[in-house]
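Those sequence lines, one after another, are chains A and B.
The opening position of the first sequence corresponds to residue 1 in my numbering, with each subsequent residue numbered one higher.
The opening position of the second sequence corresponds to residue 1001 in my numbering, with each subsequent residue numbered one higher.
Derived by calculation from the structure, the hints in this document are not laboratory data.
No residue lacks a Cβ here, since even glycine has one placed at the ideal position from N, Cα and C.
Possibly wrong hints are sitting among the right ones.
Where chain A lies over chain B, by a calculated footprint (3+ residues, C-beta under 8 Å) [as the list claims (entries may be wrong)]:
hint	region
1	1047-1059
2	1072-1080
3	1456-1462
4	1485-1499
Facing chain B, from chain A, some residues (calculated, C-beta under 8 Å) [to be verified]:
hint	residue
5	N62
6	I66
7	L95
8	P99
9	V100
10	A152
11	Y155
12	G159
13	L161
14	D222
15	T261
Each chain, letter by letter, is given below.
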Amino acid sequence: MEFFRNPNVNWLGWKWYFLAFSMIFSVAGIIKMSWNYSHIGSPVPLGVDFQGGTQLDVKFANPPDIDAIRHAMEAAGVKDAVITSFGPAPQHEVLISLPVQTNEAALDTGRQQIESALQTHYNNYFDPNTGVNVAVVGPTVGHQLEKQATLATLYSMLGMLIYLWFRFQLIYGVAAVVACFHDTLITVGAFALTGREISLTVIAAILTLVGYSMNDTIVVFDRIRENLRMSRRESLTDLVNRSINQTLSRTVLTSGLTFLTVLALFIFGGPVLNDFSFALVVGILIGTYSSIAVAAPMLVAWQEGRAGKGKAASLPAARKPKN
Amino acid sequence: MKKNLRNKIVLIIAVLLICLYGIFGIPSGISGKALLSAISNRIHMGLDLQGGAHLILQVQVSEAVNAETDNSLQEIQQDLKKANITVSQVYKPDPNKPDVIRVEGAPAAQNDAVSSLLEGTKYANEYDVSGGSDNNWTLTMKPVFENDLDKRTVDEAIETIRDRVDALGVSEPLIQEYGLGANQILVELPGVSDLDQVKGIIRSTARLEIHAVVDNGGPFPSQDAAMQSVNNALPPDDEILPSSGDLAGSNGTQYYVLQRSAIVAGSDFRSADPGVNSNTGQQQVNFTLTDEAGDKFWDYTSANVGKYMAVVMGGTVREVAVIKQPIRDSGLIEGGFSQNEVVELSKLLRTGALPASLNYIEASTVGATLGADSIREGVTAAVVGIVVVMAFMLVYYKGSGINADLALIFNLIILLGIMGLSSAISSAAGGGGLVLTLTLPGIAGVILTIGMGVDSNVLIFERIREEIRSGKAASAAVDQGFARAWLTIVDTHVTTIVSAAILFIFGTGPVKGFATTLTVGLAANLFTAVFVSRVIFEAHLNKLKAGEMVSI
C-alpha cells in the first residue's frame, strides 16, 4: 500500500492561502491573549504551579454535586473557592482551588479549611490520605518556576538556532526558527482560545513540539539541499516543490503516526495529562504544516528578494559544492 | 558474512535478556500478577504515580545570622569588660538587619583601644568595621562570610531533616538543596500517608534555650502589662515571650521580659533525656551542656545569683527558676511536660536542633489511589498507541512492517530495561548514581518515543522503496536505504534530545521524568531502528532467492 506514489503538488502556489490561514489563527490567538492579559493579568490562564495557590483534586465515593460543595465551602467560611469537575464522570473527581496565599508562614491553611469544610458540611466520603491530590504553591516558588520555564524556552530556541546554523547556512536556521515561533504562537493561542491552563508539563510539551517541528523542517531542508547540489538549472520554486513532494510521504506518515499516538494519549491518558496532550496534538499538526507552509516559502521569498535587488541569486546549498 | 550475522544476532539476544532482567528481575511466577509486581519493584516510580509528598522548605537563614551576631555581641561585651573599657551600649540597631552591630559611646580616651580591639583578627574575619571617629563603631558582617554561613545553615538543616525523616521510617526519601542559592530545601517522601505529622516533625524548631529574665521582668498577666513595665519602649536587646500556661504557681499565660540573646542554646546542650522527678513524680528533662557551654553557664550563674532565668522552647517560656547557686553543666528542666512531650523533646534534641526555622513554600501530595488511576490511564493510552502504530506498519509496509514492529517492541524493552537496571544498580551501589524515575509525563514520553521512533523506520523504508523504484536489487536497495537515511535519523533524534536535555536541567520531578524517558527512548531507538532492523533484514535477505524482492 502506498499513499503518495508520485505526488506533484504545486505547494508554493498555495503560499498565499497558507499565509492567510496562519494569519487568521495567529491573530485570533493574539487577540484572545491580549483580552486575557487585561482581564486576568496574563496572556494565558496559568496553572497553580506558576500562579501559586491551593488546588485540591478530590476523589469522592459517590458522584459529586458541585453546588452542594459550593454551599459547603460557604458554610465553612472558605472564600473565593473555585470548584470544577475534573476528568471523566465515573471518576467522581472534583477540583477545588483557592487563590495564592501571600502569607508564606500559613501556606497550609487553605487545604485544611477545604478538607474540614468537606468533612463537616458535605456528605460524600473521600479519603484524605489516598484519595486527594494537593498542590499548595507559595508565591516565591511560583515566580521561581516562571523564571525557570522562560529560561528553558529561551535556551531551547537558542540551542536550536545554533545547531541549525552549524548544520546549514544561516538563512535555513532563520526560516526554521520562524516556523517554530509560528508553531508556538498558534499552540499558545489555542490554549488562550480554549481557556486551558499552562503548567510546567505544558511547557515541556511545547518545547518537545518545538524540537519535533524542527525535525520536520530539517527533513525538508535536507532534501532541498541535496537537490540543489544536483540540479543547477531548475528554478528554485520548482526545486522546492519537488523536494516537498519527495518528502511528502515520509512527512505525512511520521506526523500521522506520532499524531495517532498523541491522540491516544489525549483520549485515554486521563485528566492530569490532558492539557499536555492537547498541546502535543495541536503542536504536531501545526508543526507539520509549518515546514511546508512557512519554512519553505520563506526560503524562496528570501532568495527572490535577493534576486530582486540584483544580488547573486543562489541559495547557499553547502559550504563546499560537490563535483 | 554468515558468521558476522550470527554474532550480531547473539549481541541482540544478549541485550534483550539483560533488559528483560532489568524489567522483571527474577519474577516469582509467570502469572500476570507476579509479573506486574516484579515490574513495580524494579522500576522506580515518581511521586505522581506511587503517591507521596513533595515539599519545598525555605530556610530562614536570617535566624542563623542573628544567632551568630548575638554570639559576637556577647564576646564584644566580655572583651570590653576584660579590657576595662565601658561603652554606652553594644547592640543591634535594626531587627530587620541582623548582620549589623553597633558599639556606641566609648570614652574618648580609650578610642584607640576600642578600635584595635574591634579591628583585631577575632572580629575582622567576620565583620567589616567602620566608624570610630565619633566614638561609635559599626560592624557589618562580610557578605562572603554571610553567604558561607547561609550555606552551612542550609546544609545543617538538610542533615537534621534527614535524621528526623529516617527516624520516622520513610523509605527512600529525597532531601536536597533546591533552587540555586535561594536557601531552599526539597523533601520528597514517597508513600507517606499522614502528612501533617511528618510536616510537623520536620519543621519543629524545638530549640531549647535559657534566657536571663530582666530585673522586674515578670510575670505579667498580659503583653500590654509587660510593655508598660518598660514604658512601652522595648529595648532592642530584650524581648517579651509568653509562658506555656502551666507554670507552677500561675494561672494561664503569663508574659516575661527576657534578654533576647540566650545564655545557652541549641547545640550547647550535649544531651537531653526524659526522666521522672523522684520527689514530685513530674516529667522532666535532664540535660547536660558541652564543656565550653558549661564554662559560659558557670560564669553567668556565678555573677547572677538571686536573679531569674527562663527556659524557653519554641518561643514559649517553659520554666522560670531562680539562680540559687552557680551551675556548671548539668541540670534539669521541669515545665509541666506531658510524657509525650518529654519523649519527643528528647528525641528532637538528640537529633539536633534545626539551625534556623523552616517555612513551607510549596507542599504537594499525590494520594495513592489517584496515583494508581494515573498509572492505569497512562498505560491504557500507551497500549492503544502501540497497537495502532503496529497495525498501521503491518498494513502499510507488509512484510517489512513486521520488521518495524519487532524493532518497536525491542525499543520499549530496552527503554524499560534501562530504567529498571538504573535503579537496581543504584541500590546495589548503596543509593548512589542516577536512578531513572518513571513519572506520568514519563509515560507520555514512552508514548512519544513510540511515535517518533517509528519515524526512523519510515525514513529507512521510504528510501528503500525509492531505491527499488529506481531499479535496484533487494540487497542494494536495503543498503542504500539505511545509508542515506542515517544522517537524517541522527539529526531528528539530536534535536529532540537537545530539547529534552534542557527540560531535564530546568524542570521539576515529573518533567525530569519526561525528559529522561524521551532521551533514553530515542537513544535506544537509534540502536533498534538501525542496527536491529538491519540485522532482521539481513537475516531475511539471506533466505531470498536470486531476483526476489523484499516485501515492503
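Hint check results:
no.	hint	in the structure
1	1047-1059	holds (count 4)
2	1072-1080	violated (count 0)
3	1456-1462	holds (count 3)
4	1485-1499	holds (count 9)
5	N62	15 Å, violated
6	I66	19 Å, violated
7	L95	12 Å, violated
8	P99	15 Å, violated
9	V100	11 Å, violated
10	A152	4 Å, holds
11	Y155	5 Å, holds
12	G159	5 Å, holds
13	L161	11 Å, violated
14	D222	6 Å, holds
15	T261	4 Å, holds
In this structure, the hints that do not hold are numbers 2, 5, 6, 7, 8, 9, 13, in rising order.
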